[in-house]
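Undergrad: Now for the letters of each chain:
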Amino acid sequence: MTELLNMGGYAVFVWSAYGVTLGVLGLMVLDSVMRLKRRQAELERLEGSAE
Amino acid sequence: MTGSLHRFANPARFQRLARAVLPWCAGGAALAFVAGLYLSLVTSPPDYQQGDTVRIMYVHVPAAWMALGAYTTMALASAVALIWRHRLGDLIAQSAAPIGAGFTVIALATGMLWGQPMWGTFWVWDARLTSVLVLLFLYLGYIALVHAFDDPERGAKAGAILALVGWINVPIVKFSVDWWNTLHQPASISRFAKPAIHPDILTPLLMMAAAYMLLFATLLLLRVRAAILEHRLRTLAMARAQG
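Line by line, the protein sequences give chains S and X. For the first sequence, this note's numbering assigns the number 1 to the initial residue and increments by one for each residue that follows. For the second sequence, this note's numbering assigns the number 1001 to the initial residue and increments by one for each residue that follows.
Next up, chain S with everything else stripped away, as it sits in the complex:
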């Protein structure tokens, strides 16, 4: 386990690279889901009040 965390002395670089990757991907997922949810809620509100 410590061997895995240590990454042969390159821990800072390897884990930062994976951290940045998952961080950016996570932000993109969050933004894309929230964007759709917001539009859906807005449309429901508008179409609901139209009737």
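Check each hint, because a few of them may be wrong.
Residues from chain X that keep clear of chain S, each with C-beta distances beyond 12 Å, as calculated [what the hints assert, rightly or not]: (1) VAL1124; (2) PRO1152; (3) ILE1161; (4) GLY1166; (5) ILE1168; (6) LYS1174; (7) LEU1202; (8) ALA1210.
Listed next, with one range per pair, are the computed distances between beta-carbon atoms [unchecked claim]: (9) S:LEU46 to X:ASN1181: 55 to 63 Å; (10) S:GLY48 to X:THR1121: 56 to 64 Å; (11) X:PHE1149 to S:SER16: 33 to 41 Å.
FYI, nobody ran anything at the bench for these hints, they're computed from the structure. Note that CB positions come from ideal geometry on N, CA and C, so glycine has one too.
Assemble the complex: chain S is given as a structure, and chain X must be docked to it using the hints.
TA: Just chain X, lined up with the frame of chain S:
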């Protein structure tokens, strides 16, 4: 032509299709990520020259592939929008841009974190690194241009032209390592040659590539769905303002 193509280009039809496909793409992406991360971080061996930094390749190389793939998607969708004047083409292109920019940021950041321990520097202005930075600016320029007009149709048209002209950068990125003397290493995987990589390293790389591709599809579908709803919201607001 109108029959077959426009049937799929119908927004309501697209929404139904996207709703059906989305859970499969999202589920597949999640599974591929779990498998890919396990393979790249735990089971794959360190490289005999690069040690454990070789593991950065598994998040770096597929990100670069997707950065180019997303741009090509954007250019193709823009061509469809310009030639057949179909809105859906613009919506797909505009939805692909921020995802492509995200993958480009990942490719650049992980590349720098790999360059520092292996080359002794985070950045060099060699042809590969510079052309990928240009790719990021093309994405950002496209996004800014699309939103720079009051009339979204004009913004979409200007963006589509930029996306198409800017595509010239994609083969430049791809072949920069062959055309110029770069510090960046040449491609390890070629479609025409047997890969020069051991399966222990090739398998995690391809698994991560599959994960990235499925995630790209998931994000693109989510964003196009949101863009179609936004279009409808605008139409509704306009009808209200007039009525």
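Undergrad: Each of the hints needs a verdict: does it hold here or not?
TA: Hint by hint, here is what the structure shows:
The Cβ of VAL1124 of chain X lies farther than 12 Å from every Cβ of chain S, with a closest approach of about 17 Å, so its non-interface assignment holds. For PRO1152 of chain X, the condition that its CB be more than 12 Å from all CB atoms of chain S holds, with the nearest at approximately 15 Å. For ILE1161 of chain X, the requirement that its beta carbon stay farther than 12 Å from each beta carbon of chain S is met, with the minimum near 26 Å. Every CB of chain S lies more than 12 Å from the CB of GLY1166 of chain X, the least distance being 21 Å, so the non-interface label holds.
Non-interface status of ILE1168 of chain X relative to chain S is upheld: no Cβ of that chain comes within 12 Å, the nearest being about 26 Å off. Non-interface status of LYS1174 of chain X relative to chain S is upheld: no Cβ of that chain comes within 12 Å, the nearest being about 21 Å off. Against chain S, the non-interface label of LEU1202 of chain X holds: every CB pair exceeds 12 Å, the least being about 19 Å. The beta carbon of ALA1210 of chain X is kept farther than 12 Å from every beta carbon of chain S, the shortest such distance being approximately 14 Å.
As the Cβ distance of LEU46 of chain S to ASN1181 of chain X is approximately 59 Å, the hint placing it in 55 to 63 Å holds. One distance hint, 56 to 64 Å for the beta-carbon pair GLY48 of chain S and THR1121 of chain X, holds here, with the actual separation near 58 Å. Range check, PHE1149 of chain X to SER16 of chain S: about 39 Å between beta-carbon atoms, so the 33 to 41 Å window is met.
This entry satisfies every hint, going by the numbered hints stated previously.
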